[in-house]
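Visitor: One letter stands for each residue in the lines below.
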Amino acid sequence: METLQSLLYGFSIALQPENLLFCLFGSLLGTLVGVLPGIGPIGAIAILLPVTFKISTTGAIIMLAGLYYGAMYGGSTTSVLVNIPGEAASVITCIDGHKMALQGRAGPALGMAAFGSFIAGTLGLVGLMLFAIPLAGFALKFGPHEYFSLIILGLTFVTYLSHGSMLKAVMMACFGLMLSNIGLDPITAAPRITFGFMELFEGLGIAPVCMGLFGIGEVLFNLERKYSRKIVQAKIRQLFPSKLDWMASKWALARGTAIGFLLGILPGGGPVLASFLSYGLEKKISKEPQKFGTGAIEGVAGPESANNSAASSSFIPLLTLGIPPNPSLAILFGAFLIHGITPGPLLLTENPDVFWGVLSSMYVGNFMLLVLNLPLIAIWVQVLRVPPRYLYPLILMFCLVGAYSLNNNVFDVSVMILFGVLGYLFRKFDYEGAPLVLAFVLGPMLDMNLRQALLVSDGSFADFFLRPISGVTLGLAVLLLVSASFPLIVKNLQTYRASVGDEQC
Amino acid sequence: MNRHDFVSGLFGLGASVFFVTKALELGVGAFVDPQPGFLLFWSTLILGLLSIVLVAKSAMGRYGRTRFADSWRDLTWWNPAITVGLLCLYALVLRRVGFLLAMCGLMALLYALGRVRLHVSIAGAIATVSLAYAIFHFGLQVPFPKGILAW
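In order, the protein sequence lines correspond to chains S and D. Using the working numbering, the first residue of the first sequence is number 2, and each one after it goes up by one. Using the working numbering, the first residue of the second sequence is number 9, and each one after it goes up by one.
Just chain S, with the same shape it has in the complex (with noise of 0.2 Å):
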């Protein structure tokens, strides 16, 4: 009863006029990013993090929330139309979805994924509205010793999770955490490595930072390459699904929702990894796998309630521990702190406005995702016709302007720049950039907690293992290690034990 009208209270806020009009406009700007390739949601909320300054906590929070969802329904437009996602979470959905385009059912495939989408979203806000009161309660109970270890299972999962060398995503972490030790110590205000900038004394901003590693070197990295898109020409027709479409895609989509969501709670999880692990299940207990590839819409509902439903529950790590699950909540994370509020356990105390008006406000857009997309699919469609080398200028204009509002000076914009080129040097060799920015935005709380849990345990690292929660939350992540160590221990093992065998014969 509580919840309820707690939910109420939300709805109250949410829908005020403002607050309204924040929540549309970052949903709409939220599927446009979605629906333009060369720019995901990270770059995006990094560049209009500024733009949040000069306008309430709650409004700036909804805003930006809301470009974080409405990505994902917007990536699913570019994946069905032109067979390249908008975004990294819309991959998945080009392999049924496009195949479907191509045998004109693009209109079932884009109803699939807008309903699949707000049926999986909303549902996914129920599940972060029951789970996160519990949890924030939970919360409070955490000690530096908790913080530590859940911090470092975040970074295990994200490095564990990553798509290319383990190895790579490692050191991407380590170099994040480098990062996070610049500017003034949290403990004893010691100036580190400032080398004399007074700029540097707050340390680096997560926004140039994320500006440069996915707003320009995205678009560095895709000047250099030969830009063809070919749209599918056929008029889009009946882009509510059939009755057949339904009962194919109804198990898919409740199976993407619960995936979606379970992911989306843990750290590093997230809407990427949520609708590759649906469309895989999708298949594999498919009585027709073959189907798969060739335009099943169980491929295309499956992954879109996934990466929504995810879109949803990542938002309970970040609103009742303060540890943001992936980069674009580690962004938003950044937000919360420039607007002097600190997420975690106690803001649903100390700031309910901020929380139940967030929350609720998410219900609502998710809903004007739902109602404003389908009758503006001729729109973006349009707006995909826009060739790069008008985009692309304009996408480095607002990240520079962007980061020049940040504080007033260029000394952010060199910043964003010079993460700009390494952005696009990460790209060329294969190096992710969302460990870094994770380890980045975690770095000084790791380094506060750690600091402070040894000082209280006299240096002992036992009591990390003993205390019941650091405990579990460590075994965990030293798991994750060695279950990803473990295949390339025995690898070595074989490759070793062939030569010796060899040079016995």
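Just so you know, these hints were derived from the structure itself, not from any lab. Computed from a predicted model, the values in this text were never measured in an experiment. Think of the CB as a built atom: it goes at the ideal place given N, C-alpha and C, for glycine as much as any other residue. Treat each hint with caution, since some may be false.
Claimed, not checked - Restricting the straight-line Cα-Cα distance to at most 25 Å, the calculated cross-link-like pairs of lysine-lysine (BS3-like) are: (1) S:K55 <-> D:K154; (2) S:K100 <-> S:K227; (3) S:K288 <-> S:K251; (4) S:K288 <-> S:K100; (5) S:K429 <-> D:K65; (6) S:K284 <-> S:K251.
As the list claims (entries may be wrong) - If you anchor each label on the Cβ, the simulated ranges turn out as follows: (7) S:K142 <-> D:G37: 25 to 35 Å; (8) D:A135 <-> S:M167: 41 to 51 Å; (9) D:F146 <-> S:V483: 37 to 47 Å; (10) D:R11 <-> S:S484: 29 to 39 Å; (11) S:A191 <-> D:T84: 41 to 51 Å; (12) S:L482 <-> D:A77: 29 to 39 Å; (13) D:R11 <-> S:P469: 46 to 56 Å; (14) D:W86 <-> S:S486: 35 to 45 Å; (15) D:A77 <-> S:M167: 23 to 33 Å; (16) S:A190 <-> D:Q149: 23 to 33 Å.
Unchecked claim - Listed next, the stretches of chain S that the computed footprint assigns to chain D, with coverage defined by at least 3 CB atoms under 8 Å from CB atoms of chain D: (17) 215–226; (18) 250–259; (19) 301–307; (20) 322–330; (21) 412–420.
Based on these hints, arrange chain D on the given structure of chain S.
Guide: Only chain D this time, still in chain S's reference frame:
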């Protein structure tokens, strides 16, 4: 040898050596009394060790064989190079020239780089920069550098 990984591993190693010295300057402390350089030292040490592993594995050809130039073969690599140059130039002249002029120049050049006709580039640059100026300067009160135009 996988030269990509070899080079990036060397870069990681160089960065870790640099940051380890910085951590030692700051003071690492002991487990009982960790100092400001504590986390920096340990994270940098791990980075250094992993970089050595990467360099060794790439040198042994564990990650396949590539040449450094492979990443740029058949690509218009000069586009990002010129763009980075233009962005750096923008950052250098922004204070002196002012936002409007510097950004208009940059945008016109970026459009031109994408082979947009000259008059379209200039018109496009003026239109987009005016829009950005209206949003950020008038809407969000961002005090852009005025420079030689005194706006």
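Visitor: Look at each hint and say if it fits the structure.
Guide: Okay, the hints, checked on the actual structure:
1. S:K55 <-> D:K154: 22 Å, holds
2. S:K100 <-> S:K227: 23 Å, holds
3. S:K288 <-> S:K251: Roughly 15 Å separates the two Cα atoms, so the pair holds.
4. S:K288 <-> S:K100: Holds, at about 20 Å.
5. S:K429 <-> D:K65: 19 Å, holds
6. S:K284 <-> S:K251: 15 Å, holds
7. S:K142 <-> D:G37: 25 to 35 Å: 28 Å, holds
8. D:A135 <-> S:M167: 41 to 51 Å: 47 Å, holds
9. D:F146 <-> S:V483: 37 to 47 Å: With Cβ atoms ~58 Å apart, the hint is violated.
10. D:R11 <-> S:S484: 29 to 39 Å: 31 Å, holds
11. S:A191 <-> D:T84: 41 to 51 Å: About 47 Å separates the Cβ atoms of A191 (chain S) and T84 (chain D), which means 41 to 51 Å holds.
12. S:L482 <-> D:A77: 29 to 39 Å: 36 Å, holds
13. D:R11 <-> S:P469: 46 to 56 Å: At roughly 49 Å between Cβ atoms, P469 (chain S) and R11 (chain D) fall inside 46 to 56 Å, so the hint holds.
14. D:W86 <-> S:S486: 35 to 45 Å: 42 Å, holds
15. D:A77 <-> S:M167: 23 to 33 Å: 27 Å, holds
16. S:A190 <-> D:Q149: 23 to 33 Å: With a Cβ separation near 32 Å, A190 (chain S) and Q149 (chain D) satisfy 23 to 33 Å, so the hint holds.
17. 215–226: Our answer is that it holds, as 7 residues pass the Cβ test (under 8 Å) against chain D, meeting three.
18. 250–259: violated (count 0)
19. 301–307: Answer violated; 0 residues pass the 8 Å Cβ test.
20. 322–330: n = 0 at 8 Å, threshold three: violated.
21. 412–420: Satisfied; 3 residues make the cut.
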